[in-house]
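J.: Residue numbers (full-length UniProt numbering), protein chains in the order written: chain A, 1 to 290; chain B, 1 to 290; chain C, 1 to 290; chain D, 1 to 290; chain E, 1 to 290; chain F, 1 to 290.
Certain hints may be false.
Identical chains share a label here; the pair holds if one copy fits it or two copies do between them.
Said to hold, decoys possible - Taking lysine to aspartate or glutamate and the EDC-like style, the derived pairs with C-alpha atoms no more than 16 Å apart in a straight line are:
{"hint": "1", "residue 1": "Lys184", "residue 2": "Asp63"}
{"hint": "2", "residue 1": "Lys184", "residue 2": "Glu21"}
{"hint": "3", "residue 1": "Lys177", "residue 2": "Glu194"}
{"hint": "4", "residue 1": "Lys177", "residue 2": "Glu65"}
{"hint": "5", "residue 1": "Lys239", "residue 2": "Glu194"}
{"hint": "6", "residue 1": "Lys177", "residue 2": "Asp63"}
{"hint": "7", "residue 1": "Lys177", "residue 2": "Glu283"}
{"hint": "8", "residue 1": "Lys177", "residue 2": "Glu68"}
{"hint": "9", "residue 1": "Lys290", "residue 2": "Glu21"}
{"hint": "10", "residue 1": "Lys86", "residue 2": "Glu145"}
{"hint": "11", "residue 1": "Lys177", "residue 2": "Asp67"}
Calculated from the structure, these hints are not laboratory results.
Each chain, letter by letter, is given below.
Number of protein chains: 6
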Amino acid sequence: MRFDEAYSGKVFIASRPDWEEADAILYGMPMDWTVSYRPGSRFGPARIREVSIGLEEYSPYLDRELDEVHFFDAGDIPLPFGNPQKSLDMIEEYVDSILEKGKFPLGMGGEHLVSWPVIKAMYKKYPDLAIIHMDAHTDLRVDYEGEPLSHSTPIRKAAELIGPGNVYSFGIRSGMKEEFEWAKENGMHISKFEVLEPLKAVLPKLAGRPVYVTIDIDVLDPAHAPGTGTVDAGGITSKELLASIHEIARSDVNVVGGDLVEVAPVYDHSEQTANTASKLIREMLLGWVK
Amino acid sequence: MRFDEAYSGKVFIASRPDWEEADAILYGMPMDWTVSYRPGSRFGPARIREVSIGLEEYSPYLDRELDEVHFFDAGDIPLPFGNPQKSLDMIEEYVDSILEKGKFPLGMGGEHLVSWPVIKAMYKKYPDLAIIHMDAHTDLRVDYEGEPLSHSTPIRKAAELIGPGNVYSFGIRSGMKEEFEWAKENGMHISKFEVLEPLKAVLPKLAGRPVYVTIDIDVLDPAHAPGTGTVDAGGITSKELLASIHEIARSDVNVVGGDLVEVAPVYDHSEQTANTASKLIREMLLGWVK
Amino acid sequence: MRFDEAYSGKVFIASRPDWEEADAILYGMPMDWTVSYRPGSRFGPARIREVSIGLEEYSPYLDRELDEVHFFDAGDIPLPFGNPQKSLDMIEEYVDSILEKGKFPLGMGGEHLVSWPVIKAMYKKYPDLAIIHMDAHTDLRVDYEGEPLSHSTPIRKAAELIGPGNVYSFGIRSGMKEEFEWAKENGMHISKFEVLEPLKAVLPKLAGRPVYVTIDIDVLDPAHAPGTGTVDAGGITSKELLASIHEIARSDVNVVGGDLVEVAPVYDHSEQTANTASKLIREMLLGWVK
Amino acid sequence: MRFDEAYSGKVFIASRPDWEEADAILYGMPMDWTVSYRPGSRFGPARIREVSIGLEEYSPYLDRELDEVHFFDAGDIPLPFGNPQKSLDMIEEYVDSILEKGKFPLGMGGEHLVSWPVIKAMYKKYPDLAIIHMDAHTDLRVDYEGEPLSHSTPIRKAAELIGPGNVYSFGIRSGMKEEFEWAKENGMHISKFEVLEPLKAVLPKLAGRPVYVTIDIDVLDPAHAPGTGTVDAGGITSKELLASIHEIARSDVNVVGGDLVEVAPVYDHSEQTANTASKLIREMLLGWVK
Amino acid sequence: MRFDEAYSGKVFIASRPDWEEADAILYGMPMDWTVSYRPGSRFGPARIREVSIGLEEYSPYLDRELDEVHFFDAGDIPLPFGNPQKSLDMIEEYVDSILEKGKFPLGMGGEHLVSWPVIKAMYKKYPDLAIIHMDAHTDLRVDYEGEPLSHSTPIRKAAELIGPGNVYSFGIRSGMKEEFEWAKENGMHISKFEVLEPLKAVLPKLAGRPVYVTIDIDVLDPAHAPGTGTVDAGGITSKELLASIHEIARSDVNVVGGDLVEVAPVYDHSEQTANTASKLIREMLLGWVK
Amino acid sequence: MRFDEAYSGKVFIASRPDWEEADAILYGMPMDWTVSYRPGSRFGPARIREVSIGLEEYSPYLDRELDEVHFFDAGDIPLPFGNPQKSLDMIEEYVDSILEKGKFPLGMGGEHLVSWPVIKAMYKKYPDLAIIHMDAHTDLRVDYEGEPLSHSTPIRKAAELIGPGNVYSFGIRSGMKEEFEWAKENGMHISKFEVLEPLKAVLPKLAGRPVYVTIDIDVLDPAHAPGTGTVDAGGITSKELLASIHEIARSDVNVVGGDLVEVAPVYDHSEQTANTASKLIREMLLGWVK
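Chain A extracted, bound-state conformation (with noise of 0.2 Å):
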């Protein structure tokens, strides 16, 4: 006999005991190993997990209730420690599986760079996507110092996938000249340092298109998220970006699929980033999964 899974932060809570039968899938992609700062972002989707226990299971903003919401966390993908190929390989391995079966995937990072092969699978299954990106970072270097699988080169990948047309970034403050110009010029849209107000004018556009949101962490003001590695002051507050989530619910966009990456607990004593992020994936999970 085993006691209550959810209290030893063994699963999010209201976790559904079965794969089969869930929804939506709360997936980790514990990989850290490319960053060019500060690690610990493998350990965000345990931590995220554990302190779920202190949430409600219930949002006063979209008055909806976690076990309306058929989800199974499975846990983190066994990712090979150093292997940066191997791991984006069996990332986008398992989200193809989660999409074959017509379930909705929510990854935790990890480092943003998961976000790629995540993307990849998606766009096999749903080749109008649209990308709806959060972040302090424009993440659009074509290589880190010679490497091209790096936490700054994710949305340059899937922009050039995607088309660079379909992305759309908010909240970005910080980049190399050269990002900002690549984006300029090929018509990807940024909206610089704000994220609410410039969304509410670009979800109509996107109305009916399949979209997937990848937030980083980092979007947020260091104030409220210190956990993460590479903070950035001037971000918005965890108010603007619950309200954001709420708007993209709201909206008329069909939401395919989103993650949340780059929660590092080290750096963070108090333990606020990892709440933070888990009432952010719980809003996900009631706003964006039908």
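Using the hints, position chains B, C, D, E and F against chain A.
T.: Chains B, C, D, E and F alone, transformed into the frame defined by chain A:
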């Protein structure tokens, strides 16, 4: 010969030396034994006092100095560890003794359950009492996994005692669906997410009435109060909370007591939460004790 | 499909999947509501499991691997916050159920009071039970400021139940004068300051007897276990504690159960205490479960 | 052969290798010996340099790159521990040497008292100097418990030197009543609580004048800068402070020098304060050095 | 009515309420302005008092209780920030007043320079004074980068005052070559690395003499005292330091005063250093005050 | 004019300014991308340099000063994030260049895998090379979950290259059963748990031979080195590790290079691990570079 007491964190800065001649009594309720998540608020009052030495005695918000308020810091009530019922009885008895002498009680928690015996004492003296409650959480549970004495229940108990229509909650962003429904069905006021603006609308209705104000520090966003048991993203700023205290001070309500609870220092290495709490206590003293 | 459970900190490394076929049961007692100083040990068991992923399954001390021991990690008993009596009853009942099936109970605290109901259960099964107790503190109080259910009282209760002459305490370096005197007057064994050498002298006397071993992590010097409620300088090293566990394993006593209590992770940013505890649990399993 | 200096945190990112050919000099003033509360700002400059490796060299706010600014990071002035007067003399002498060569001095504290000798040096060169001061505290004391050389006095000294009417303080939310009164009586500008809006009103009045800008990091709310000696709730966001720096950059004032003081890394485990400071330094360089 | 003072960390546990009738005076010297590395020891005395509530009043080492010692905790001397000379003068004057009344002075630092004025006062009263000094560092510099008032100089000053042959240093593992040579040439005793064994050899030589004992907490290995300004590997254990205090207590020397310095709480999140210091203070009181 | 570099933590204290004329080269290998548990050792070398300013340049153990050793701190090799193979190639190439000039290489990790390319370079120059290895872990795996480039494999690779009989491991207390067996079967020396005593027995056998010494900081007990990726209880003290370095220095072996790896500063708020590492580096320089 003993040196200046404030330096050693002995009492809150500018405390008078004598209980009898004080108009207000500041007291600690170092109890955290019923909390369902992270304990540690038993050390809140002591740390708030300790860091008060970093405060100025003058408020540029209210243009008033602490020596214009005659208050006495009584220290912490020596509550018995692990015995909730006896702890609550001791608190009620102590607040009775304060009210008997016509003094203003200002309490520091400790978990939020400590407000329940205080409210019982207040209600005996002020039968037309109203409560202003600022918190991230509804605290309206009947019990917590079977325990009626829990930090999740004090506002429910208070509402049942003085009538739900006399309780006004602000900033609420977490609770069970049933709690929100109970409040609605029973005519209790809940302002979700915001504090200052809805408070401005409510205060005129309470003009002239005796009001007890209970503030859970987690009404603040975790960015502003990481040092608390249950952090919850999407909260208000310390600027808004200060303004709310001042709004009450300038209104026509008759504040007859108050408390600030749930400061748990161990989760906040920077001590910003305790520092913020000590500033809030100063403003409560300067604004509410006439 | 769920990924490897151990990675997400779900269960202690190498736990078997089935309660029924296990020879030993590892279980958590997440209670800290009666502690008189720093709370937080409720999170001990969960963190010990989480960091167990950093362990090797092989012990070079005992030349034995975890898969030679059939144990099942049952998770944490869902104890009611703030209700000591009910918590103790639930623990006793659970240990009864383990003993009924002839399995070896290995508990993780939580505060030291949790050992009291375990010992009650053990004594029902083993009337000639002896207790080996390693701790910085006597834990021989009758009550703590009036409360008989306190983390300062479990060994007194145990001694009164099974007879003081059957209790052997080691490493004690803190207590009231009355406690030491009571032990002396009642024929209870107390080795002050040291563990390994006096243990070597005592073990032959206990040969063949059923012995329950309760270890308070604070028997270690604070250098070796900063993450506990009441640190006390002058303790033993983790090397000595490991050697003591091995000494018992190699002796002729019949270890019938054990526990490791008072790990409070929040006071130890480096997580060395939880890591050390997870290694101690491994050695207890490998050394004591035949 | 020595590897890239920036990686090891040796100098601020993009510093030129040569003092002589630089247009601006970045220098540290590692002094904290007169602070009345929490020391530690002596390590501010070193940590700001170290974390600058996480910065991009391009500012999307100002559309300018660091290699367009010729600056040299001179390291820390080797100030004598515990000797305030000699420390101040060394700072003044060093800034004299910078100004003599027509370079722009940008200082990093250290406690706020270090700004006093800098201002003395500036005033010798610019007799019509005005000061923009952003801070939580007035810093207008004559002395602190008898000590005229204190981190609570630099703005008073500056005001008396260059005339109170030439000093503009913003964001002030703490001080003694006497300090506010002195400012008022002597025609010194103090904007309480806010920075950006009142700054917009003041800048046109200073058009064409040489202005020194001194920023105490504690003008930020503790949520945005926990790593400082005296945190004080109710401050501005890093977004507002960045916008204020940019507002000055785009105005018609002639910024002739500046500093950023009171970063005390030890109180901020996440290093967000040092990271924010390094971004502020980048924006000050890009915005103010023409 | 004020509650028990000890709970709020007001005074050291078991302090008597009255200066006049006390045999020993415990006092804090919260000064850290001349330290060359990490400041913060100004908060040492206050934190030591605060955590003393976790102590038992009985010592199983000495079989004595604190109520057998009549001591008074006088709080912290209000030293002027940043003014070393005036601070030292105030300390000397205060210790003079203690000695005048025939009481035993027990000081808590603060940086080690605070021992210098105490020793001056002691020497005035006891012309045949000897000093026992336990420390990681020689503290024999003439000055530190030109400053004669430095935390690196107190033992040199003391040795020059009372004669190097009357100073006995133990546990020393760091210093300049010149310092070790000066000691050797001038007949001062230095035991490198070890404390207990060489102390046993020295004590008989000091039988009957008045001895002042100054302990720098960094004589402990960083494992046992991480919370200090200058940690240095290879030190002794807290067990050895306790035994050394007891060895002195049981010897025939006449201990006439003592101090414990350099506890800097901010570097030790677990608070083990302050806890250890509070236990050391208890043993010094119980062992040295007859 | 640039101020003293050491103060800003730019280079290790007492580093010479010139590569060419140095006898020893100190260099960093900031790589942590293959670690299986907690990353962060990439910041080890930078932090060790930074805290070296707290060191004395004189060793009372060896009676020698750093200016008697001509060494140059080359900074960190700019390794490509997330690319293990290329990183190892760069390290090997750099060490080749050091050896070519007849200089002594002293490396700072980074994860332990960085020792592998160094040993390859050493072996090319010294075909009769022996290795002294101090570590908590065997590091003898063939691969880690399929990855041959892992921090768990360097000693296996080294043993296969130079012959297992030429590798001497000390202090080992963790590994898979297969690793211990492989060592035994292949004639490799492993001293479990202890370092100093078995080292004394081994050194005479290596007299006259060229020896490379690789030290994983986790050979220390977690009490002495909490700031590392994989802490493991039951280790040696820093006193024993210092003595072991000195034992080698005084022996007849010909130390031709060395390294100290796995310092991960983020897990050690007190910075004791980095401070200890900087002292170990000083002793290695003073003891091993003739």
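J.: Reference check for the pair Lys177 and Glu68, CA-CA at most 16 Å: within, between, both, or neither?
T.: between (45 Å within a copy, 13 Å between copies)
J.: Checking Lys177 and Asp63: alpha-carbon separation at most 16 Å within a copy, between copies, both or neither?
T.: Between copies only: 8 Å across chains, 43 Å inside a chain, cut-off 16 Å.
J.: At most 16 Å between alpha carbons: which applies to Lys290 and Glu21, within, between, both or neither?
T.: within (15 Å within a copy, 41 Å between copies)
J.: State whether the alpha carbon distance between Lys239 and Glu194 is at most 16 Å within one copy, between copies, both, or neither.
T.: Both: 13 Å inside a copy, 11 Å across copies.
J.: Could you place Lys177 and Glu194 in one of the four classes (within, between, both, neither) given a Cα distance threshold of 16 Å?
T.: neither (19 Å within a copy, 32 Å between copies)
J.: Classify it for me, Lys86 with Glu145: is the Cα-Cα distance of at most 16 Å met within a copy, between copies, both or neither?
T.: Between copies only: 12 Å across chains, 21 Å inside a chain, cut-off 16 Å.
J.: I want to check one pair: Lys177 and Asp67. Are their C-alpha atoms no more than 16 Å apart within a copy, between two copies, both, or neither?
T.: Between copies, since 12 Å is at most 16 Å while 46 Å is not.
J.: With identical chains treated as interchangeable, where does the CA-CA distance between Lys184 and Asp63 reach 16 Å or less: within a copy, between copies, both, or neither?
T.: Close across copies (14 Å), not inside one copy (39 Å); limit 16 Å.
J.: How do Lys184 and Glu21 come out at 16 Å by Cα distance, when the copy is not named: within, between, both, or neither?
T.: Answer is neither; intra-copy 44 Å and inter-copy 35 Å both fail.
J.: Measure nothing new, just compare the shortest in-copy and cross-copy C-alpha distances for Lys177 and Glu65 to 16 Å and report within, between, both or neither.
T.: Intra 44 Å, inter 8 Å, cutoff 16 Å: inter-copy only.
J.: At most 16 Å between alpha carbons: which applies to Lys177 and Glu283, within, between, both or neither?
T.: between (34 Å within a copy, 15 Å between copies)
The structure does not agree with the numbered hints 2 and 3 stated previously, though it agrees with the rest.
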